[in-house]
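> If you're matching them up, the sequences are chains A and B in order.
Per my numbering: the first sequence ends with 437, consecutive numbering throughout.
Per my numbering: the second sequence ends with 568, consecutive numbering throughout.
Honestly, the hints are just simulated from the structure, not real lab data.
All C-beta atoms, glycine included, are put in the ideal place defined by N, C-alpha and C.
Careful: at least some of the hints might be erroneous.
[Unchecked claim] Incomplete in silico selection of chain A near chain B, CB under 8 Å:
1) C98
2) T139
3) K144
4) R250
5) A321
[Stated by the list, open to error] Residues from chain B shown here face chain A by an in silico Cβ test under 10 Å; the list is partial:
6) N86
7) M91
8) Q92
9) A510
10) A566
[Claimed, not checked] Calculated lysine to any residue pairs in the SDA-like style (CA-CA distance at most 20 Å, straight line):
11) A:K179 / B:Y206
12) B:K336 / A:D279
13) B:K85 / A:I434
14) B:K85 / A:S317
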Amino acid sequence: MTRTVTDVICPFCGTLCDDLEVVVSDDGKDLLEVYNACAIGAEKFLHSQAKDRITRPRMRQEDGSWKEISYDEAIEYTARMLTEAKKPLMYGWSSTNCEAQAVGSEIGEAVGAVMDNTATVCHGTSLIAVQDIGIPSCTLGEIKNRADRILFWGCNPAHAHPRHMSRYSIFPRGFFTGKGHAGRKMIVVDPRPTDTASLADIHLQIEQGHDYELLDALRVAFKGEQLPDVVAGIPKEKIYEVADMLKSGRFAIIFFGMGVTQSLGKNHNIDEAIAVTRDLNEYTKAAIMPMRGHYNVTGSGQVWGWLFGFPYAVDLSRGFARYNPGETTSNDLLRRDEVDAVFVLGSDPGAHFPFSSVKKIYNRPSVVIDPHETPTTEVCKVHVPVAFVGVEVGGCAYRMDNVPIETRKVVEPPEGMMTDEEFLKRVLGRVKEIQGV
Amino acid sequence: MAEYLIKNGFVFDPVQGIKGDAVDVAIKDGKIVETTALSSPKVIDATGKTVMAGGVDIHAHVAGPKVNIGRNFRPEDKLFTYKPKNGIERMQGGFSVPTTIRTGYNYARMGYTTVMEAAMPPLYARHTHEEMRDTPILDQGAYPVFGNNWFVLEYLKNHEIENTAAYIAWLLRVTKGYAVKVVNPGGTEAWGWGLNCENVHDPVPYFDITPAQIIKGLIEANEYLGLPHSMHMHANNLGNPGNYTTTLDSFKLSEGIKPKSKFGRDQVLHHTHVQFHSYGGDSWGNMESKAKEIMDYVNSHDNITIDIGQVTLDETTTMTADGPFEHHLTELNHLKWANADVELETAAGVVPYLYSPNIKVCAIQWCIGLELALLAKDPMRVFITTDHPNAGLFIRYPRIMKWLMSTEAREQQFDAFKHKDKVIDATNLAGIDRELGLYEIAQMTRTGTAKSLGLSHLYGGLAPGLEADVAVYDFNPNKPYVPDDIEKAFLNAEHVFKAGVQVVKDHEIASNGNKRTLWVNAKVNENPQVMRDVKEKFLRYYTVNLNNYEVAGHYLPNPYVIEVDATE
Numbered sequence: 001m002t003r004t005v006t007d008v009i010c011p012f013c014g015t016l017c018d019d020l021e022v023v024v025s026d027d028g029k030d031l032l033e034v035y036n037a038c039a040i041g042a043e044k045f046l047h048s049q050a051k052d053r054i055t056r057p058r059m060r061q062e063d064g065s066w067k068e069i070s071y072d073e074a075i076e077y078t079a080r081m082l083t084e085a086k087k088p089l090m091y092g093w094s095s096t097n098c099e100a101q102a103v104g105s106e107i108g109e110a111v112g113a114v115m116d117n118t119a120t121v122c123h124g125t126s127l128i129a130v131q132d133i134g135i136p137s138c139t140l141g142e143i144k145n146r147a148d149r150i151l152f153w154g155c156n157p158a159h160a161h162p163r164h165m166s167r168y169s170i171f172p173r174g175f176f177t178g179k180g181h182a183g184r185k186m187i188v189v190d191p192r193p194t195d196t197a198s199l200a201d202i203h204l205q206i207e208q209g210h211d212y213e214l215l216d217a218l219r220v221a222f223k224g225e226q227l228p229d230v231v232a233g234i235p236k237e238k239i240y241e242v243a244d245m246l247k248s249g250r251f252a253i254i255f256f257g258m259g260v261t262q263s264l265g266k267n268h269n270i271d272e273a274i275a276v277t278r279d280l281n282e283y284t285k286a287a288i289m290p291m292r293g294h295y296n297v298t299g300s301g302q303v304w305g306w307l308f309g310f311p312y313a314v315d316l317s318r319g320f321a322r323y324n325p326g327e328t329t330s331n332d333l334l335r336r337d338e339v340d341a342v343f344v345l346g347s348d349p350g351a352h353f354p355f356s357s358v359k360k361i362y363n364r365p366s367v368v369i370d371p372h373e374t375p376t377t378e379v380c381k382v383h384v385p386v387a388f389v390g391v392e393v394g395g396c397a398y399r400m401d402n403v404p405i406e407t408r409k410v411v412e413p414p415e416g417m418m419t420d421e422e423f424l425k426r427v428l429g430r431v432k433e434i435q436g437v
Numbered sequence: 001m002a003e004y005l006i007k008n009g010f011v012f013d014p015v016q017g018i019k020g021d022a023v024d025v026a027i028k029d030g031k032i033v034e035t036t037a038l039s040s041p042k043v044i045d046a047t048g049k050t051v052m053a054g055g056v057d058i059h060a061h062v063a064g065p066k067v068n069i070g071r072n073f074r075p076e077d078k079l080f081t082y083k084p085k086n087g088i089e090r091m092q093g094g095f096s097v098p099t100t101i102r103t104g105y106n107y108a109r110m111g112y113t114t115v116m117e118a119a120m121p122p123l124y125a126r127h128t129h130e131e132m133r134d135t136p137i138l139d140q141g142a143y144p145v146f147g148n149n150w151f152v153l154e155y156l157k158n159h160e161i162e163n164t165a166a167y168i169a170w171l172l173r174v175t176k177g178y179a180v181k182v183v184n185p186g187g188t189e190a191w192g193w194g195l196n197c198e199n200v201h202d203p204v205p206y207f208d209i210t211p212a213q214i215i216k217g218l219i220e221a222n223e224y225l226g227l228p229h230s231m232h233m234h235a236n237n238l239g240n241p242g243n244y245t246t247t248l249d250s251f252k253l254s255e256g257i258k259p260k261s262k263f264g265r266d267q268v269l270h271h272t273h274v275q276f277h278s279y280g281g282d283s284w285g286n287m288e289s290k291a292k293e294i295m296d297y298v299n300s301h302d303n304i305t306i307d308i309g310q311v312t313l314d315e316t317t318t319m320t321a322d323g324p325f326e327h328h329l330t331e332l333n334h335l336k337w338a339n340a341d342v343e344l345e346t347a348a349g350v351v352p353y354l355y356s357p358n359i360k361v362c363a364i365q366w367c368i369g370l371e372l373a374l375l376a377k378d379p380m381r382v383f384i385t386t387d388h389p390n391a392g393l394f395i396r397y398p399r400i401m402k403w404l405m406s407t408e409a410r411e412q413q414f415d416a417f418k419h420k421d422k423v424i425d426a427t428n429l430a431g432i433d434r435e436l437g438l439y440e441i442a443q444m445t446r447t448g449t450a451k452s453l454g455l456s457h458l459y460g461g462l463a464p465g466l467e468a469d470v471a472v473y474d475f476n477p478n479k480p481y482v483p484d485d486i487e488k489a490f491l492n493a494e495h496v497f498k499a500g501v502q503v504v505k506d507h508e509i510a511s512n513g514n515k516r517t518l519w520v521n522a523k524v525n526e527n528p529q530v531m532r533d534v535k536e537k538f539l540r541y542y543t544v545n546l547n548n549y550e551v552a553g554h555y556l557p558n559p560y561v562i563e564v565d566a567t568e
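Just need the whole structure built from these sequences, with the hints factored in.
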């Protein structure tokens, strides 16, 4: 016999779909099927069932091979490493729950760590822009129920957030949007002819790296002022057309991704995109939202917000919190040799950081907490496998619009396996013992 | 638990009518007891000091999504404000929007032990509870917002009080909320289209209902349920010259409605931060105080309580569910603007603001708040707040006490205004020589707020049986003092007890306490229509499934549930 768990939350991307159905064996030990999820989300659930999954901590030996160790030994190593380091980096925090993030923050506070999350190579620039100019935004339900002008800038939800368009932005029929996609105009700004762009009413195939100019041109066009014949590779007629389309809507929304946050201009691009949104509010209603990647990167920014006052790049090494992106961000710290130990949880810097940073991780005492084997586990000294959050343990996660949803446990983790939160609580306890407080 | 005897302090306790007499206060098992009930107490000598019950804040924005937007989008608010961790104290940062840790500690240092979060968007209830969980020491509750909720708009359009009440009971239960909050009724829904409702008769787009119908209906539904607190309102047209007529129109909607609550309150409407709603004139140039007109009404209608929303002349971070107002504000001061509309429920905006003594309007606002308190005939119905952090910071409460207790302090501030004469012309304050005493301050900060909240069985006094929330201030009211002594003493209590635990000792944080979260569980008769409507709305319009909406118990590690039975 099997049973079906409904209203399951998908712990993959910032879309945080909460309508999955998962079929599990009657004893709750095996996960058999996943419904309603996208291909990536379904794979995340099914992957937890891999028979060759690592289930015990392991430590790297002199010869490069792994030796299995106990959780107690892993806790001891981690606590020693963090307390002995002058300035450890505690990075990741985006693929775990807020409960673990809160315990991790307390450890960071106790040992004087630098806390940084994946925004550092993703939407950190957006967070800086918000500190410059603010952000008029809304929940995804507002888009579903009201929005009739949808602009995707430098993002490709068809692949990166596969159910975004069907659940929230393009296709759903909401309260004031009974015609679904037929009542909406969709604009995509992307140098690439993506699958998202293929659905658009207008695709502005912008010259790569010229986002700031085009955003600025839109602000000029809103005011009906003169433009050069071509801006960022787009003829001015097209820009006026898009400006009029946005202004004539009842509710416009701009979604943006790493195509603008991590290309030339970085936070200045986002400043300008937000300024476009502010300007649009003079004519109609408009909002803007970053397409956050990991399912709970938003949550780590929230937890640090209420505990420390900053959303990422939080340096606790002086006993109080400092925030100075460029100085207290992970890659800058690693490449300048300013951190002497690395702790990774809920992310894969081995895959996403520049090679020069990854080499630094390899050369330092390091621990990675991750249910998977990843490029990061390959460069760390100790690997601690844990239960999958959202599959084998619940906990709070924040959607890209900051809406908190409690993820569900659907199956038992492999026997004897710890969760992020349990492991961190043990480390915190041990840190306090070592420090004698 | 340890027993304490606080000996020989000057006690100000409106519950027992003690007006500064030297009385002993006994603490045992977390409660105030008769002194004879103690066996071997720790004795605290309070000779020459002031003793009051723990403060109860009826309205502050200290936890939740918009508060955290304020923290995260203002790194400058942390500049020069950080305090390193020290012993049991965790690190604390932020000025106008402090971290949760600092919020708990700073209130405790002022002798405040209960604080109500004034606006909780239901969809973000989990976030609000996570922040309250991480706020040490204080007992807290949160008010979910109802004034722009689609269920409420649809039910009240047809005056369906029973259905509205059933929905309120359901939402309080699933969000673990405390009271019915209303912010810019109808106007915030209109903001979904970039519009607003500017008076109580301005219809809400599409929903075909007026703010007046929403206000009256929610007061009636609140009394139908008999909740501990009354309906708690931020009316339409906040912050605009000439808005006092809208405020009076809103007040009048409560006329003829009697409280039906077993929790000892006498009001059916609490209007918050009335300072922002008491403006005359028709432009910023001729804006003037209408505090007298407002207080004439409040003084003669005992089914209303208010809090003042005092401007403290600081740099701060405004934040409110009044979305259109924050947009209006960013157009005025051109500072950064965050907005967060919430599907089917509400919205919020956040804008930094500088209340400068060099700006005439800010100085007039300062006068209006103090006028409201000084013109109050019944201090049990008019409370000190700053609408933290909107008009000012909660750490300025002691400064407000100073202004209210001393004409000298007020004159000093008048002299510091750039446009002193124009400010005096536009206000009444310079002609008011009333000086409040500590007994009235206790009413405005503890006893009155506890009563208005329906919590006088727990807080607000020092009578045996109440919670042992006690503050000892290093202030001798019988000796000569300068005004600044008041602020200094009440900003930094010498000893504070929360539910019998000493949380401040010799002016230092001594314990992280045992914080509780208060929420109201109202039982109503089964209402299949409302439950069907809830299912339908979640299926069709929400982006979160109904089964993922409720805030589970573990977000409130130490809940205090107040049961209400409205089934009869």
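> Determine for every hint whether it applies to the structure shown.
Here's how the hints hold up against the structure:
The restraint placing C98 of chain A at the interface with chain B holds, with a minimum CB-CB distance near 6 Å, inside the 8 Å limit. Hint on T139 of chain A holds. Least Cβ distance to chain B is approximately 5 Å, under the 8 Å limit. Because the closest C-beta pair between K144 of chain A and chain B is about 6 Å apart, less than 8 Å, the hint holds. For the restraint placing R250 of chain A at the interface with chain B, the shortest Cβ-Cβ distance is roughly 7 Å, inside the 8 Å limit, so the hint holds.
Interface hint status for A321 of chain A: upheld, as the beta-carbon distance to the closest one in chain B is roughly 6 Å, under 8 Å. Hint status for N86 of chain B relative to chain A: holds, with the closest Cβ pair at about 8 Å, below 10 Å. For M91 of chain B, the suggested interface contact is upheld, since its CB lies about 5 Å from the closest CB of chain A, less than 10 Å. The interface hint given for Q92 of chain B is met, as the beta carbon of that residue sits about 8 Å from the closest beta carbon of chain A, less than 10 Å.
Taking 10 Å as the C-beta cut-off, the interface hint given for A510 of chain B is violated, the closest approach to chain A being about 16 Å. This hint is violated: A566 of chain B has a C-beta 29 Å from the nearest C-beta of chain A, more than the 10 Å allowed. Taking the CA atoms of K179 of chain A and Y206 of chain B, the gap is near 17 Å; set against the 20 Å cutoff, the hint holds. A distance of roughly 13 Å separates the Cα atoms of K336 of chain B and D279 of chain A; the hinted pair therefore holds under the 20 Å criterion.
Simply put, K85 of chain B and I434 of chain A have alpha-carbon atoms about 18 Å apart, close enough for the 20 Å limit, and the pair holds. With a CA separation close to 11 Å, the supplied pair K85 of chain B and S317 of chain A stays within the 20 Å bound.
Hints 9 and 10 from the earlier list are contradicted by this structure; the remaining hints agree with it.
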